[in-house]
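Position chain H against the provided structure of chain W, taking the given hints into account.
Protein chains: 2
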Amino acid sequence: MSTSTTYEKLPLQPLFDTIEELKPKFIERLQKAIAIPSVSSDESLRPKVVEMANFLVDELKTLGFTDIQLKELGTQPPPVQDANLQLPPIVLGRFGNDPAKKTVLVYGHYDVQPALKDDGWKTEPFTMHYDKEKEILYGRGSTDDKGPVVGWLNVIEAHNKLGWELPVNLVVCFEGMEESGSLGLDELVAKEAQNYFKKVDQVTISDNYWLGTTKPVLTYGLRGCNYYQIIIEGPGADLHSGIFGGIIAEPMTDLIKVMSTLVDGSGKILIPGVYDMVAPLTDKEDQLYDSIDFSVEELNAASGSQTSLHDNKKDILKHRWRFPSLSLHGIEGAFSGAGAKTVIPAKVVGKFSIRTVPDIESKKLDDLVFQHITSEFKKLNSPNKFKVELIHDGNYWVSDPFNDSFTAAAKATQDVWNVVPDFTREGGSIPITLTFEKELGVDVLLLPMGRGDDGAHSINEKLDVSNYINGCKTLGGYLHYYGKA
Amino acid sequence: MSTSTTYEKLPLQPLFDTIEELKPKFIERLQKAIAIPSVSSDESLRPKVVEMANFLVDELKTLGFTDIQLKELGTQPPPVQDANLQLPPIVLGRFGNDPAKKTVLVYGHYDVQPALKDDGWKTEPFTMHYDKEKEILYGRGSTDDKGPVVGWLNVIEAHNKLGWELPVNLVVCFEGMEESGSLGLDELVAKEAQNYFKKVDQVTISDNYWLGTTKPVLTYGLRGCNYYQIIIEGPGADLHSGIFGGIIAEPMTDLIKVMSTLVDGSGKILIPGVYDMVAPLTDKEDQLYDSIDFSVEELNAASGSQTSLHDNKKDILKHRWRFPSLSLHGIEGAFSGAGAKTVIPAKVVGKFSIRTVPDIESKKLDDLVFQHITSEFKKLNSPNKFKVELIHDGNYWVSDPFNDSFTAAAKATQDVWNVVPDFTREGGSIPITLTFEKELGVDVLLLPMGRGDDGAHSINEKLDVSNYINGCKTLGGYLHYYGKA
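Listed in order, the protein sequences are those of chains W and H.
Everything in the first sequence is counted per UniProt numbering, starting at 1 for the first residue and increasing by one.
Everything in the second sequence is counted per UniProt numbering, starting at 1 for the first residue and increasing by one.
Isolated chain W (complex conformation) (with noise of 0.2 Å):
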């Protein structure tokens, strides 16, 4: 996939013109999406986060969807303040319906992440900024998620302007709680599969991002993470150091010395075992890395510093995407404020957690993790209470970058931007990548839309106008490319 690949192209030349005379449409299209602050960590905004679902429907009554659902899920779970607070719906809906032809389910999500001016804003987070010098279009979900979100609805609208057929089959589903944690959705995707979901023969999720800011990607894998938490447990309060140090076993000292075996400043786990787990690099996958558009200088842009624990862009990409990695997060119950407490905590609780990669099988690490850490918990013979646990986990994903759906992605991204897309891995999670896989036993594509430097969870959030109109074709020839596959 490193050299320029040739390919039967198909006639999507008018599909592409149609995208870029509806680009005012489409442009408007998304400012309305972004002036409805749907932002689902604000109770107080949840009326604007189901306003936000009902736009949708609308925009899918519009145009021609059939079988459009609100699919409600009930009171979230605590802790909220309002205990009769209700999740926003998700939103179904069908476009075609022809036994003949594939379906492809895709996802998005239609809420957001908190937004204020104060926060260091240029322009009003929830009224579009279009920046028509720098061809830019600022707001809060500009990149994540509403520009993909309503990405899809433009690829349909300009079908229905051309008066061409749908290549495929189309299946919506947008949620609107992907930001404080999908809830309701797993359960939802588990109840729908031999449902609403049954005929759907793959899934097709935009809601990541270009690995650098000039060279469109394809996503096929993610880390899974395994969350732990150590506890250690001495006096019955919290104790002052003057009067008790020297003559208790403080928790802090224990807590520090067992999560000091952990990992090295190289980054190496030393949890014996784990690396035993994690498949061997073959060269067919070391030469994947041989042509992706990264560097040294990226990260270091990237982190703000010159931190970096390899000197090449091969190493960092492998030690991103398919290697374990573990980050100490800090401590509960220490002191933790400015200045200076003379206190000598009473129970504290180390927070760490390793990154996944294939082969490492999620039970087997928790228990290399329990053995490693009880056991040198034990070398230190403390009296203090003792226990180490998981928090929470989720599995790794990867998929087969050379199956039919990423074959398609790639022709179309070849037809739009002229270059053959980096296919990449992230080293974070997206939990539902896996539950859509695992419901529906179907392969899923992570198909980008905006560049990494969009800011998707940060201030001046924004989408360049190349990457929504251009990605809009991208969406609509995978569509074409992928039904005739």
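Worth flagging that the hints you see were computed from the coordinates, not collected in a lab.
It cannot be assumed that every hint is accurate.
Put simply, identical chains are the same to the list, so a pair is met inside one copy or across any two.
[What the hints assert, rightly or not] Derived DSBU-like pairs (lysine-lysine); straight-line CA-CA distance at most 35 Å: (1) Lys161 x Lys379; (2) Lys48 x Lys268; (3) Lys341 x Lys438; (4) Lys101 x Lys484; (5) Lys484 x Lys215; (6) Lys314 x Lys387; (7) Lys347 x Lys132; (8) Lys199 x Lys9; (9) Lys385 x Lys122; (10) Lys25 x Lys215; (11) Lys364 x Lys341; (12) Lys341 x Lys379; (13) Lys268 x Lys341; (14) Lys71 x Lys341; (15) Lys484 x Lys438.
For chain H alone, kept in the frame of chain W given last:
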């Protein structure tokens, strides 16, 4: 000092009888003092702190003190909400000015810790509750430090009632910011050393507690405290462990490694050279610990756990009082909340302190700490930025428990309690002790009134009536024995 001592008793029974007789009045005086919520850390209660100063001035006037002065200390330095907030005044007064007599300065503080009924108090904290069955006085400030402060006034009142002359000249110095860092006190003591405090021969402080609950003590030593922080800084902002885990050098990894080299699970300090500075334990000193009333069980009761590092009384007391200790207090900048957060903290600050004892030189200790930590950080070969610094230090203090003042206090204690007091040290620091010793060039005696379970900074603070009344007798008797010494 471990056996009962014989000495020439002074005819103090009339004084002790008079104090008994005045008991209802003395309890009423303490009740009035407790009723003024003189919380120095609460800016909104600052007028109450000043009211408490004026209450003392009125009492001093009534009792016949002279040269009464309210020493203003100016505005309180930041951080404050009210930039014009005035520090509470220091109350000075004299009783007697006879060149033939020795002059004793008594220090106390009239401010208190915060207290709210909702914190878990059984009765209103600022309404003294007299439990007549248990003979206990409950209320904020009862033992810390309003009981001892009005105790000195009670001694004068008893002398006045008897028509007795005071055996010494008394100077009182009552401050109103002790619970908030004694702001302004050091400067005042330095300034008045050759003025108001010029003829002072001895400083006596009643602001600590018995070691346990049954045996009176005199305190001749305190540990010092050097508080340090290790600052490790990597990326420009907090990062996501999914994206950056495994590819950058994480500051937490470095910090935990360095902190793990400071102290071991048995409480032993691992920084080379620290123990070389500790004064050797002599046989004579070792014997001092034999008779002291304490046990492993008492430590366990106090810590609310079975986590003692030592299995016998003597080792516990030595490690509390005369050996250094190192406590890891916490980490600023890391994740410290409940639950799971997949953050790589950008800048973390590890906090720890060392309790110091004779003959540790503070500056030399700093050097050893800085050298050790710098060397441990260098071993990591980390690209992160590193700094170690002292936040604050305060020297240890040890007096001669055989000097005139201690001997006088021991005789008075035996007169009142019929037992030889334990001679104790404390693990914590009382910085004003060192200030008086240094600025006035005289001995300091710590002569506690309350018991180890009074809950000085806790809810349901109390002072037993027997400690209050016998405490007044002890203070009075002490002045007589010291006057004759």
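*How would you classify Lys268 and Lys341 at a CA-CA limit of 35 Å: within, between, both, or neither?*
both (33 Å within a copy, 21 Å between copies)
*Have a look at Lys484 and Lys215 and pick one of within, between, both or neither, based on CA distance no larger than 35 Å.*
Classified as within: same-chain Cα gap 26 Å, cross-chain 93 Å, threshold 35 Å.
*If the cutoff is 35 Å on CA atoms, where do Lys364 and Lys341 land: within, between, both or neither? Let me know, please.*
The answer is between: 23 Å across copies meets 35 Å, while 40 Å in one copy does not.
*First find the shortest C-alpha distance between Lys484 and Lys438 inside one copy, then the shortest across copies, and answer within, between, both or neither for a cut-off of 35 Å.*
Within one copy only: 25 Å inside, 92 Å across.
_I want to check one pair: Lys341 and Lys438. Are their C-alpha atoms no more than 35 Å apart within a copy, between two copies, both, or neither?_
Between. Shortest inter-copy distance 26 Å satisfies the 35 Å Cα cut-off; intra-copy 50 Å does not.
_Checking an output row: Lys101 and Lys484, CA cutoff 35 Å. Within, between, both or neither?_
within (9 Å within a copy, 111 Å between copies)
*With identical chains treated as interchangeable, where does the CA-CA distance between Lys199 and Lys9 reach 35 Å or less: within a copy, between copies, both, or neither?*
within (28 Å within a copy, 104 Å between copies)
*Go through the copies and call it for Lys385 and Lys122: within, between, both or neither, with a Cα cutoff of 35 Å.*
between (51 Å within a copy, 31 Å between copies)
*Given identical chains, is Lys71 near Lys341, meaning Cα to Cα at most 35 Å, within a copy, between copies, both, or neither?*
Cα proximity of Lys71 and Lys341: across copies only (30 Å, versus 51 Å in one copy).
*Alpha-carbon proximity context of Lys48 and Lys268, limit 35 Å*: neither (46 Å within a copy, 59 Å between copies)
*asked:* When Cα atoms must be at most 35 Å apart, do Lys314 and Lys387 count as within-copy, between-copy, both, or neither?
replied: For Lys314 and Lys387, the Cα distance is within 35 Å only across copies (32 Å; inside one copy 38 Å).
*Up to 35 Å CA-CA - Lys379 versus Lys341, copy category*: Result: close both inside a copy and across copies, 29 Å intra and 29 Å inter.
In the structure shown, a violation is registered for the earlier hints numbered 1, 2 and 7, in ascending order.
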